[in-house]
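Please put together the full structure from these sequences, using the hints given.
Which chain is which? The protein sequence lines are A, B and C, in order.
If you're matching positions, the first sequence starts at 1 in the numbering used here and goes up one per residue.
If you're matching positions, the second sequence starts at 1 in the numbering used here and goes up one per residue.
If you're matching positions, the third sequence starts at 1 in the numbering used here and goes up one per residue.
Bear in mind the hints are in silico, worked out from the structure with no lab data behind them.
Fair warning: this is a prediction, and the values are worked out from it, not measured in the lab.
Treat the hints with care, since some could be wrong.
[Claimed, not checked] Simulated coverage check for chain B against chain C, where a stretch passes if three residues somewhere in it have a Cβ under 8 Å from a Cβ of chain C: (1) 143-150; (2) 177-190; (3) 194-203; (4) 206-213.
[To be verified] Non-contacting residues of chain A with respect to chain B, defined by C-beta distances greater than 10 Å in every case (computed): (5) Arg46; (6) Lys54; (7) Ala209.
[What the hints assert, rightly or not] Sample of chain A residues facing chain B (criterion: CB under 8 Å; computed from the structure): (8) Glu176; (9) Phe206; (10) Ala307.
The beta-carbon is built from N, C-alpha and C at its ideal position, and this holds for glycine as well.
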Amino acid sequence: MTDRILFNLIQVLVVMVFAPLTKGVLNRLIEQVQSKRGPSIFQPYRDIWKLFHKDEVVPEQSSWIFRFTPYIVFITPIFVALLIPVLTAYPLFFAFMGDMLGGGFILALGGFFATLAAVDTSNPYGPMGASRTRMVGFLAEPVFMIVFFTVSFVAGSTIPYIVQKQWVTPLTNFFEPSHVLLMIAFMMLILAEAGRIPVDNPSGHFELAMIDESKGLEYSGRGAALMKWGGSMKFFVLICIFLNVLVTPWGLAGKQVLWEVLISIPLILLKVFVLLLFIVVIESSLAKLRLFRISEFMGAAFITSVAAMIAQLFTT
Amino acid sequence: MLDLSSTSPIFSQLNALVGGLFLLSAFGLVIVRQAQACLLIFIIQSILLSISAFLLGYRDASYHLLAVGVLTLVIKPALIPWLLRRTVRQEIYTYREISQVLNIPSSLLIALALTLFSYFFANSLLIIVDGSFAKVNLPIGIAGLLLGAYTLMVRREAIPQLIGILAMENGAFFAGISISPDLPLIAELAAAFDVLIIALVMGILTRTIHENIGTTRVGALTTLKEEPNQ
Amino acid sequence: MILIVILVIPLIAAGLSLIPLGRRFAPAVTLIGAMAVLIASLSVALRVASGNRVVMIENWMSCDGLSALVLLLIALVGVTAALFSWGYVEKINHGNGHEKLRYYYTNYNLFLLSLLAVPLFVELALVWIAVELTTLLSVLLVGFENTREALEAAWKYIVLTLMGAAIALLGFLILFWGLRASGGSIYTWDGLIAAAPNMPPVLLQTAFLLILVGFGAKAGLVPLHTWLPDAHSQAPSPVCALLSGVETTAVLYAILRMIPILNAVPSLRAGTWAVVFGLISVGVAAFLLLQVRDYKRLFAYSTVEHMGIILVATGLDSSAAHYGAVYQILSHAITKSFCFFAAGAVLLAVGTREITSVQGLIRTSPTAGVALLFGGLAISGAPPFAVFLSEFSILKAGLSNSQYIAVGLLALFIVIAFFGIMLHINQMVFGQPNVIPEGVNLPTSCVIALILSVIPIVVFGLYVPGPLHELLHLAANCLER
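Set out below in structure tokens:
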């Protein structure tokens, strides 16, 4: 049993440590595709380190929500990391504490507080960005739900560890239409939730056009460091759910041996890297959607997920 | 031909995948705004149709269906766009449809309702007569038909309406290759040429409309009515 | 053999019409071709009337009673419309050059070819293709005048009819599926009648409804009839005659052939469906007739009404009603084509399509006025014209079968339509002329066509010759089984 607790902690550490690396690699790849040199892949670490050593400036009119939010945004992905398969194929110690729906709600909690904090400042751009984030968020919620429902319906359970086996045994299950459609829908969802193109421009500095970046506008010092770190951890967790539950549930540790768990760390990083390449292709070839068309984008994701559900319900 | 019934789960799975993508392309027709993108989605849909025909033909060892697949592949993705490019001027393709009759998210919900309806409809038919591939192809074919009809009703530009009609036929054939695979080959051949003539005639008509009226926004042509103030 | 000849002649005529050999070559070739087709169809009809089915390729191309009747009607209207086109198209084509004229005649011949193919093919898939082709080859004719309204009508026409055809395609595919499921393999009208008792009823019913809705859009049945007034009023008059007179009939023929197939399974109550749909069409058309503003649209709505009447008559399940139905097919085809010729003459005389702009036609252009008056009387069912006889026989058949509700509604709608048509025609033909007579002369060919087409209307209203009677009986039998 101590093994299981240990592996759970290793899992959390992996998420915490490698999340900024993910962001760094992604930024560098995007820049390189655009024929620039790009920042070092360890730049996010340096940023976080720098921010931790700076003073914090807090708006006078803000309340406890503003001060509290960075911690919540930092902790919620860690909670979710306890629940999902990152390194192992068998459930870990805390795995039954919450299922996928619970994980989804916890992530939404972080987003909720970030939005509130953005409104809490007296910066006019904060609430503007917050309302836009909520728009994307509420359009994304149905997609989350339907994806989880379909996957749970197929596997007969809502625990991610049990679900992941469904799509790979036998191998032909991978090509089932509902599976393919779910992958497409969830990919669109990740792009929306993580604020990537085509929903939002992550490297933009123009406050009037910000959607997701606006949540970190007013923070400085430790708050900013935690928001950045928490944001990249949320991205990493979403990718892990996508990869380990839906797309490639291979390469995870099969037995409760420390050595196997350690081996699976570079494997998961490899899988994340391949997905990042895919995201880079999408980012570099599409343009950002105009705001009113985001509802069309999310509508398309919703339809895809419901089509997956229909295909699953009617062909079994 | 080899007897592939032992490996038929793979064919069923692949066919189901093709069906899912076909459904997605039918949804795509409702979503896209640009005429060029409509044409592209139609090409993808036709290729998926021929792949399904190939899969069914290979599994049932039916030269008939393989011929249908080849015919579809030659005519729909290749000849029809070429024909349309020749008859309709290039600039018409750049038209973007800003407003449809319903906005896109509502259209998507209605499209979803239509898909559900076609699944129920197909189920009521499939209870009586069973078919192995028909379980996938029939509902998706009917959905393709209904979604093509919906695109027709909701769009105002000429090219998307044209593509809507062709998509309806695609849907009907997608259902047809699974429920009536041995339709006489003459009929299939004639139907294929018929689709070509559709594209030709509608292309010429679109060009004539563009030349004489100046716009291809055919949904806005509503002068023929019974109202007193014409 | 002769069936192939019937199909090949218009094809050759279409090709020859493209040759630029002077102004009169294309119309002459078309007319000669149409007359040849008429002669051939007459011989086929006579052979069928004497009791033999004419078979070209067994199970693919043959001719029995009903198809011989429809074939004959198509050929007849083809001749009169070609004759009318001779003068008419030249008049409306002023300034556009001879190339457009030649394209008109080529298109006309191809359209005639596709129309002829519908009753000749018995393999259902080919029938669907022939019906599709009738749409495709007539669209450019509908938009011939290149005005904004004509093009709008053409677009609505092609979009709605092709949509209907795709729905009907699904119906045909399901029908084939049912046929295979019951073990049959002959996908013709007769083969289906034989196999129908073994087919799963749900498939039969679904296919029938799909074909009814899909082809009904093309035949002008409500609610998908909205293209019909536009297309049948904006097209040039001879094309309107073909469209209204025979094209809708040919499509309705396909629908009517489905009914005996479904009657093999009495529980499906195909007759009731037909009666209900038919009554709806007749009713809606009758009421819409009252408020129409364009006299060609008037005749178009009358087509919708008559299609409904034919459908109702087929649904009323008795041999007398079926006889009435096929007689109605005959009388409608010849009368409606005459009406559109008359409308074309009026258009040439006064230049406008609006009813309120035309008054005192009998003084400004006597030929057009008299023709229009005759046409209006004939199509609304006044004696002694053919339509009166057919409608009367349908009503009588229904009464003697004690289907009072259907007959009562039908009679009511027919009376409403009668008043509607006569109201408008009266307004146009009599009264003080408000158009200063310019002495517009109708082209001779138009006048000849008018006279030629009025003769059968009067004759068949009084007397049905022997072979024709035989043919009608055989046709009614086809609806029976």
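Tested hints:
1. 143-150: holds (count 3)
2. 177-190: Three-residue rule met by the stretch 177-190 of chain B, so holds; n is 8.
3. 194-203: holds (count 5)
4. 206-213: Result for this restraint: holds, n = 4.
5. Arg46: The claim holds: Arg46 of chain A sits with its nearest Cβ about 43 Å from chain B, beyond 10 Å.
6. Lys54: Holds, since 44 Å exceeds 10 Å.
7. Ala209: Holds, because the least Cβ-Cβ distance between Ala209 of chain A and chain B comes to about 21 Å, which exceeds 10 Å.
8. Glu176: This hint holds: Glu176 of chain A lies near chain B, its Cβ roughly 6 Å from the closest one there, short of 8 Å.
9. Phe206: Violated: closest Cβ of chain B sits about 25 Å from Phe206 of chain A, beyond 8 Å.
10. Ala307: 6 Å, holds
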